[in-house]
Amino acid sequence: MASYFSNTSHYPAFSELPAVSTDQSPNAQPPPISPPEATTWWLLAQIKENMTITQPTLIVTDRTGVDFALLFDDHTANLRGFKKGYTLAVPGARRTERAGVGKKAVVHVPADRTAEVKVVPGSLERVLELGVVLGSEGGGGKCAACGDEEGMLMKCTGCAVAAYCGKDCQVKAWGEMGHKLNCKVLRALQDVVI
3 MASYFSNTSH
13 YPAFSELPAV
23 STDQSPNAQP
33 PPISPPEATT
43 WWLLAQIKEN
53 MTITQPTLIV
63 TDRTGVDFAL
73 LFDDHTANLR
83 GFKKGYTLAV
93 PGARRTERAG
103 VGKKAVVHVP
113 ADRTAEVKVV
123 PGSLERVLEL
133 GVVLGSEGGG
143 GKCAACGDEE
153 GMLMKCTGCA
163 VAAYCGKDCQ
173 VKAWGEMGHK
183 LNCKVLRALQ
193 DVVI
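Residue numbers for the sequence shown, in this note's numbering: 3 to 196.
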């Protein structure tokens, strides 16, 4: 089964983002950005390094392994929860081509959109793996622990994705099957699902 995040029109890699070029003229206007309710794509990338000196800047890696800089235009942006190894989801991201030899493309987060960037407390690899769970709509009517399809299933109150046939299965999944770690990631992904 494919990951929910394998749809590249909704979850493009860095190289697949719409590109804008930097205009060095003093009257240059930033490119138009879709309002949050109209976001049709999210860039998913894992935080590799925080390189903030004067401008909040993260070095991140996309799902194809490409490293690039994510620059926050809000110089007061608080990146406290943006931890190395966590995944970022940037709505409506655009790749900014920079003029000059040796200059790499970057992604700018406009000052008014900083709060819309979501932090997912897990690696990009885990996010993509859990995309399979999201793509199957919570297991397709099966208990996430034992696979039983009989009877009424109760959804996890933390993530509302995993479902269980009873308390024993819920306890088993939480401890032995890793749902304790995945629950926070699944909950955070609810804001990123298109």
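One or more of the hints may lead you astray.
Estimated spans, in silico, between C-beta atoms of each pair [stated by the list, open to error]:
1. Ala117 / Glu152: 40 to 46 Å
2. Asp76 / Gly177: 23 to 29 Å
3. Ala113 / Gln192: 34 to 40 Å
Quick list of in silico lysine-lysine cross-link-like pairs, DSS-like style, CA-CA up to 25 Å [as the list claims (entries may be wrong)]:
4. Lys157 / Lys169
5. Lys169 / Lys186
6. Lys120 / Lys182
7. Lys86 / Lys157
Worth flagging that the hints you see were computed from the coordinates, not collected in a lab.
Even glycine gets a Cβ: it sits at the ideal position worked out from N, Cα and C.
Taking 25 Å as the top limit, are the C-alpha atoms of Lys120 and Lys182 close enough?
holds, 20 Å
Would you mind confirming whether the straight-line C-alpha gap from Lys169 to Lys186 stays at or under 25 Å?
holds, 19 Å
Ala117 versus Glu152 beta-carbon gap, inside 40 to 46 Å or not:
At 44 Å between Cβs, range holds.
Consistency of beta-carbon spacing, Gln192 to Ala113, with hint 34 to 40 Å
About 26 Å separates the Cβ atoms of Ala113 and Gln192, which means 34 to 40 Å is violated.
Are the Cα positions of Lys157 and Lys169 separated by 25 Å at most?
Measuring from Cα to Cα gives roughly 11 Å; hence the hint holds.
Hinted pair Lys86 and Lys157, Cα distance within 25 Å
violated, 31 Å
Verdict for Asp76, Gly177 (Cβ pair) under range 23 to 29 Å:
violated, 41 Å
Going through the hint list in order, the structure does not satisfy hints 2, 3 and 7.
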